[in-house]
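If you read the protein sequences in the order shown, they are chains A and B. Sequential numbering from 1 applies to the first sequence in the numbering used here. Sequential numbering from 212 applies to the second sequence in the numbering used here.
Since the hints were derived computationally from the structure, they do not count as laboratory data. Among the clues, some could well be false.
[As the list claims (entries may be wrong)] Not the full set, but computed from the structure, chain B residues with beta-carbon under 7 Å of chain A:
#1 A373
#2 Q382
#3 A388
#4 G390
#5 S392
#6 G394
#7 P403
#8 A443
#9 V487
The beta-carbon is built from N, C-alpha and C at its ideal position, and this holds for glycine as well.
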Amino acid sequence: MVIGPSGSGKSTLLRCINLLVLPDKGAVYLEGLQVNRPDIRPEWVRQQVGMVFQQFNLFAHLTALDNVTLGLRKVLGVDPATAATRGRVLLSRVGLGHKADAYPAELSGGQQQRVAIARALAMDPKAVLFDEPTSALDPEYIKEVLDVMTGLARDGMTMIVVTHEMSFAKNVSKRVVFMDDGAVIEEGTPEEVLLHPRHERAKAFMSKILV
Amino acid sequence: MATEGRPSTRRDWRTFGKALVRAPLLRRIVLVAGVLGGLFLALTLSRVWGLIDTRLWNLLSPILASGATNTFLFSAAIIPVGAVIGFLVGWARVSRHPIVSWPATVFVDLVRGIPQLVLILFAFFWLPYVFEIQGSLDAGLDFAVLALAIHTGAYQAEIFRAGFQSVPRGQIEAAEALGLSKGRVMTSVVLPQTFRVTLPALGNEFALIVKDSSLLAAIGAQELVYWGRNSAQFALTVYAQIGWVATTWLIIAMLYFAITYLITQVVGSLEHHYRVPGLGSVAF
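Isolated chain A, as found in the complex (with noise of 0.2 Å):
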């Protein structure tokens, strides 16, 4: 989990791993392959590294299906047949089996989110990275996208968060990582982060919200 202030670097930072935005120093790790080079392309990195964003980014003239499958179709070369059915198989995994059919309009913001998972999920990436999943949903919408999520790292996915959600953080995540004016000023357990920072802004941070 990233949390910290707004500006804080949290959204560069996922940006910078998938790299969406090109890191101009550091270096970025999958699978102990560093992946920021010049002989590797991003494409490449990217098709490893699923994303979902905090406006759902579906795409607006595809069915919840195709933009799901539009990976596995564009990008890996499966057919169009293949491609539908481990689709299906995914919308039902977030509980939109239902839903194949519709268009994003269609669908409640809680709905578009979890097609949004399935879709990072269709590469079979090696690990997640989330956006802020759930700040543009309706409170009653929450819920539904942090189940899929907790599933997720219940089956193992390696899952990188930024959230505002501070019990999710808490009860789901393995190791927090507090961000602030672009850097990490603290990380450890969700323990020792959320409950006891040490640093003062982390300390000013968590005193503010509700942990």
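Start from chain A and add chain B according to the hints.
Chain B alone, transformed into the frame defined by chain A:
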């Protein structure tokens, strides 16, 4: 939201427009062809039964034969050429590189500031001279048609620019995050949405093209208005029949309507066929 775009079961005068729009393209083309055929048949029968004066018939026949055909052909030439120009210039306008976007902006501003008629006359008289193909009126006409394509291209560039810009940045980022290449992002995510968003405005522009082609009469292109003026002048000066002037322009108005309607219905069918809830407008 959920019911938008789904067929309505109501069948009264309010749903007639919808039903008309939702009718298959073929049926609507048959409808237009039927109206035009009816017009021809009515005129021909009037002629055969002697209901129509031979001299009036002789004034109307080039309008129907040459005029309608040429107006349709000019429109059919200007629309695709103009759309290609508009697409490329509109694409250039949203480029991040000033060296690409700046000339496109200058082009649009310049062309929009000049009347079509001036562009036509300029192209007709000057371009054959520049390319040293003087003495050929056909070359001048080709350039004049190109001038109209360039003119509509400048307007369509703005339509396409709006279409490109309507695709949210986040969707492009999401597509990139899946590992799609720049080209794939364009063909799989940006263009399908640009297409849907721009269709209504493009249909509007295509309708204008049909009527703007009437300006080609100024350089002697034998389209509807050319023959209309010809026949009207004949009716007045030679036959002194002011009523025939009205008949002539009425028939020309009907023909323009038929050609415009045909083209906008094709666009309307595309719009209907590719409609997606929440994207662009649903026809009617």
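Hint check:
no.	hint	in the structure
1	A373	violated (16 Å)
2	Q382	holds (5 Å)
3	A388	holds (4 Å)
4	G390	holds (3 Å)
5	S392	holds (6 Å)
6	G394	violated (10 Å)
7	P403	holds (5 Å)
8	A443	violated (49 Å)
9	V487	holds (5 Å)
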